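Colleague: Letter by letter, the chains look like this.
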Amino acid sequence: MGEILDLAAQNMISPVILSFVLGLAAAFFRSDLSFPEAVAKGMSLYLLFAIGFKGGAGDAAHGVDQRLVSALVAGVVLSVSLPLVAFALLRSMTRVSVTDAAAVAAHYGSISIVTFVAATALLASQGIAAEGYMVAVAAAMEAPAIASALWLVAWRGGGSGERMNAELAREIMLNGSIVLLVGSFVIGWITGDEGLKQIESFIVSPFKGVLCLFLLDMGLVAGRGLRSGQAALSGGAILFALIMPPLGACAGLSAALLLGLSLGGTVLMMVLAASASYIAVPAAMRVALPEANPTLSLSLSLGITFPFNLMVGIPLYLAVAAAFVAV
Amino acid sequence: MGEILDLAAQNMISPVILSFVLGLAAAFFRSDLSFPEAVAKGMSLYLLFAIGFKGGAGDAAHGVDQRLVSALVAGVVLSVSLPLVAFALLRSMTRVSVTDAAAVAAHYGSISIVTFVAATALLASQGIAAEGYMVAVAAAMEAPAIASALWLVAWRGGGSGERMNAELAREIMLNGSIVLLVGSFVIGWITGDEGLKQIESFIVSPFKGVLCLFLLDMGLVAGRGLRSGQAALSGGAILFALIMPPLGACAGLSAALLLGLSLGGTVLMMVLAASASYIAVPAAMRVALPEANPTLSLSLSLGITFPFNLMVGIPLYLAVAAAFVAV
Amino acid sequence: MGEILDLAAQNMISPVILSFVLGLAAAFFRSDLSFPEAVAKGMSLYLLFAIGFKGGAGDAAHGVDQRLVSALVAGVVLSVSLPLVAFALLRSMTRVSVTDAAAVAAHYGSISIVTFVAATALLASQGIAAEGYMVAVAAAMEAPAIASALWLVAWRGGGSGERMNAELAREIMLNGSIVLLVGSFVIGWITGDEGLKQIESFIVSPFKGVLCLFLLDMGLVAGRGLRSGQAALSGGAILFALIMPPLGACAGLSAALLLGLSLGGTVLMMVLAASASYIAVPAAMRVALPEANPTLSLSLSLGITFPFNLMVGIPLYLAVAAAFVAV
Amino acid sequence: MQMHQAKRVEIIIEAMMERRLTEALSTAGVTGYTVLPVSGGSGRSGEWSREGQVGRAGGMVAVICLVRPERVDALLEAAFAVVERHIGVVSVTDAQVIRAERF
Amino acid sequence: MQMHQAKRVEIIIEAMMERRLTEALSTAGVTGYTVLPVSGGSGRSGEWSREGQVGRAGGMVAVICLVRPERVDALLEAAFAVVERHIGVVSVTDAQVIRAERF
Amino acid sequence: MQMHQAKRVEIIIEAMMERRLTEALSTAGVTGYTVLPVSGGSGRSGEWSREGQVGRAGGMVAVICLVRPERVDALLEAAFAVVERHIGVVSVTDAQVIRAERF
Ligand SMILES: Nc1ncnc2c1ncn2[C@@H]1O[C@H](COP(=O)(O)O)[C@@H](O)[C@H]1O
Ligand SMILES: Nc1ncnc2c1ncn2[C@@H]1O[C@H](COP(=O)(O)O)[C@@H](O)[C@H]1O
Ligand SMILES: Nc1ncnc2c1ncn2[C@@H]1O[C@H](COP(=O)(O)O)[C@@H](O)[C@H]1O
Ligand code: NA
Ligand code: NA
Ligand code: NA
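Residue numbers (numbering that gives the first Met the number 0), protein chains in the order written: chain R, 0 to 326; chain F, 0 to 326; chain L, 0 to 326; chain W, 0 to 102; chain P, 0 to 102; chain G, 0 to 102.
Keep in mind that a hint or two might mislead.
Within a straight-line C-alpha distance of at most 27 Å, the following computed DSSO-like cross-link-like pairs (lysine-lysine) qualify [said to hold, decoys possible]: (1) R:K196 - F:K196; (2) F:K196 - L:K196; (3) R:K196 - L:K196.
Computed Cβ-Cβ distance ranges for the label pairs, DEER-style [to be verified]: (4) L:I237 - G:P68: 50 to 56 Å; (5) P:E83 - F:S91: 54 to 60 Å; (6) P:G45 - L:S91: 50 to 56 Å; (7) R:V75 - W:E76: 51 to 57 Å; (8) P:F79 - F:R94: 28 to 34 Å; (9) P:Q1 - L:L241: 52 to 58 Å; (10) P:F79 - G:A80: 35 to 41 Å; (11) P:H85 - F:H61: 30 to 36 Å; (12) L:M11 - F:S227: 35 to 41 Å; (13) P:A73 - R:S233: 33 to 39 Å.
Not close to chain R: a few residues of chain W, all C-beta gaps over 10 Å, as computed [to be verified]: (14) Q4; (15) M15; (16) V53; (17) A56; (18) P68; (19) D72; (20) A99; (21) F102.
No wet-lab data here; the hints were simulated from the structure.
Quantities reported herein were computed from a predicted structural model and do not represent experimental measurements.
All C-beta atoms in this analysis are idealised placements derived from N, C-alpha and C, irrespective of residue type, glycine included.
Put together the whole structure using the sequences plus the hints.
Modeller: Below, the structure written as structure tokens:
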């Protein structure tokens, strides 16, 4: 227990987390500090490219083993099934409509890539290795949750939800962040260590610094979102946003143990399951479930679950994983 | 004397200064070279974060000594009182209105963070250390000059200047650049050398290169501003923009000697006092003194004082400081 | 022959080329992956500054020898004369109008700086040095082709082409990319190795990584352009876009042999002659030859010639040059 | 200068729906439109701003179409079919254009 | 398609005043508006452009409000109180909108 | 609020021609205009978008001028001379402005 607190405390005073806190604080006090949209997007493209490439290059050495495939399957299963849990919880804990519950559920089945990135940074700083292909698992988990949510709406009759058609499916699967993550994973895998060496001083050395600035921006956006989204948040919804991540992490842990992942891989699987989308799913929901209130989903996923995972969740999941997985 | 010229010459042919000159020249010959607004803002956010963090981390080792507080007080006093000098000079040397004189005075009481950054770069290249907390002093000097200017207008009846109310004060104090500078200073201070090591290859190694590109952009903006602002500039105003910096530097020198700052800290204090704002104050003036002509203030501070300090001032102040402060 | 294929294969699986392919693929499958305009421009400003500076710093050691001047002259001659070849080919191979043929010809007389950059990256990875002043040659070759094209239109009466007047000439010569390239070349030349050392970790180490992201963006833009420009492309035009680069490369080779350039310099001269503009010339054509169809020129230069040079051309030119120039 | 009657239709719609809207416009025979970026706004669903945002969701764009008066109805049907279930505003103004052959 | 009369108010104002303007609009009962970025312009105070700029001062934004005709006066009073001492332009056009319940 | 008749002229033109247009407007006595960025569009020359683009060619801007009705003809002549050979659209709407002394 003391060890967890220690790790959490150490995590809390890293530049990465403090930058996020600075952003939150600036938004809270209504500072006009802000990043241009283009700069924020540029940083996120950089992070996706770097994390994908490094994952691929890390795996190139080992070759694609059998476990990649089973990990992908496990990820998809988690992404499809976690929304059902989230939906049930939301319908019992809050009074949100079927459509809203389904939309929120989709966010929690999917993943937050920046939470994943923060977890890899923490693992790296602790010298804990992880399977490179977890990046591919992350990409695989982005979309399936959306299908679950649309199915929930169709089943429970929550409005005129657009049916999952081929056009929509294509759009979701070829979402920019999925394509960039998978693409750079493949490039890293093909070019391997040789390729990594060529662009190391771009994607490895400055990585953590960029992550700081990006989290500063995320803090600003999350803080602003919380301020304006407050009204939409009931106590039950907030509770949900704090309970769902550990529940997801448990599911991720089970999957990781079944797969026999390393300690690092287990933590990352937990983080993926525990985190909630704030890019791919919100976009898909606007197209497929326009009646759902976007403010509710984003306040929960970006305003509550994201900070929770960043500050408390990740070290917690690491401590729990360490109890289950021999190093 | 020869030594000063030497240093000035050496300063002049550094990539940093030459990049600025390139920008000026490109604007002068009406090249369409330009940086997107988002990129310029992104670079300035980077520079503020990096300089703040490094300042904080540098101080973490020493602990906050008593001198931080006295240096902050000295900075505030300079920022409040220099506008009075500037106002008096402007009213006697030029025929600008009370409002315009007050607005210009506010710019000169406040500081230019990029001049400060350029000075730290020169100090670093000369191997001269400086107090990390000078970054905090820089932040503290941004705003007080605005209050002075508004008071001058109220006193001399120069129009319907908005009174300094709580809302306006909050807005000015929580200006994005102040929050980022102070925030990253605090993060640097908390995480110390350990934190610095984590993000060094982002905020230290590429720093000077980013500064080059940023100064290239500043040259373009300053040059364009000079071209279109020319008309607003009388000989007296130009003279003011060349006399005020050394005057401010003298005031800064006195303060630094009183405080017993190191050679590096003394130079930085002189630079802060000598430099004129081009971000925080112009914004505040548009809200509080909309009748003031923004072209005049910006032409003077960005078009004349900024290049003067960059190219002549900084090495001059260093030479003078070296005569007063034992290394 | 086997060696060429080897080099081409090795080139193909570098992160740089694969990033471009990823962009092409993403555009082809209509992914919504995209870079903000400001980020794309920011990366191109970075690449221009870095390549210019490095070229200048590389030359500073040697001093400007006589060959710089003759290389510049050779570049201008190539830029002026290649459009005549391109025009003749286009008029015989396709049925495009005089104006369109002239506009396309201007693109092929001018150069693509990112193809040049990719070639320097390949040379560097093979440990082959090149004359730093080739950057200046690149800059010198950007504009003259435009004059040729306007002259072709005037001669063949292809519409109301704006005559090359002083205003237009100034605008073209002071095009942002030319000014930045020449300016940073001069800065690099003045500050030399000393200057380079100061900003090395900004313009050297991360260079290749930025190039990857930039080429990813170029792939997206080229792919999107091809998809929407398809209709404008006849078989003859496509053939032209594949034949013209090797022809240009031959002309470049001859020039390089005459000048007695090193192996690296020879390759770069070939690449310059072989590549087609996609920034400076398209902009000039919109002003001077607005009747020309911009989609045609861009589809050919960016959609066909650029990928051809990047993936096949550069290693091919290197192999050919190696047969002619002793190392 | 000889001017021609036209309608200026301005559709402010979620960025995510832009492609669907412009495809619907094309299908309805509208060939010309211009898209302006939007940096923020406010409506029944609250205030928003693009600052620091990464995703496209939560942003809007303004699509401007100049059309001949007789075509405005077809355009509005098409636009409305897309906008109907979505956040968005459609307004029409009388305008005059030069070069009528273009619309 | 059934259309409803409305007014389209376009306020071009200094970026620094954006928040004050939108707060004044809200206070005046205007709930919907859209903010467009502005990249440059010219007026009595000279020409300007956002290129390469870092600060917000010196930039402008365009705020577009569609309102029912009877509400336009309240809106203009509110806007004018903010714009009065500041650089800015306010124009009103007759427009038609679909979905009147929104305005 | 006292309003004054004016014309709102909106010129959507290639970004490369922006400077030539605004110089022509100034020459024609138009002192005020505002430039809005344009992110994409479609016309006879096909669809386009600014995403990921580096050069200025292929982009457009929207220039808005509010002028007194009696000045609109001079403005249109000047604008047309620039737009004539180029891609672009010009529309004019009736508007009302406050502070007539500004136009
Ligand atoms: N009356 C209006 N005038 C201008 N823009 C509006 C208006 N109402 C809504 N909008 C825009 O449409 C968006 C969504 O509106 P709403 O569906 O009411 O939340 C707002 O955020 C504004 O950008
Ligand atoms: N007549 C006008 N039409 C359109 N925009 C204008 C007009 N007059 C002024 N503006 C805009 O308002 C800004 C400030 O105008 P001014 O206060 O005249 O300097 C200008 O830079 C333009 O962006
Ligand atoms: N009817 C229209 N309404 C609005 N914008 C248009 C219209 N026609 C053309 N445009 C704009 O002008 C550009 C060039 O048009 P065009 O010359 O027809 O290719 C288009 O890409 C649009 O941005
Ligand atoms: Na999840
Ligand atoms: Na000062
Ligand atoms: Na060429």
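Colleague: Tell me, which hint numbers fail for this structure?
Modeller: 5, 7, 11, 12, 15, 16, 17
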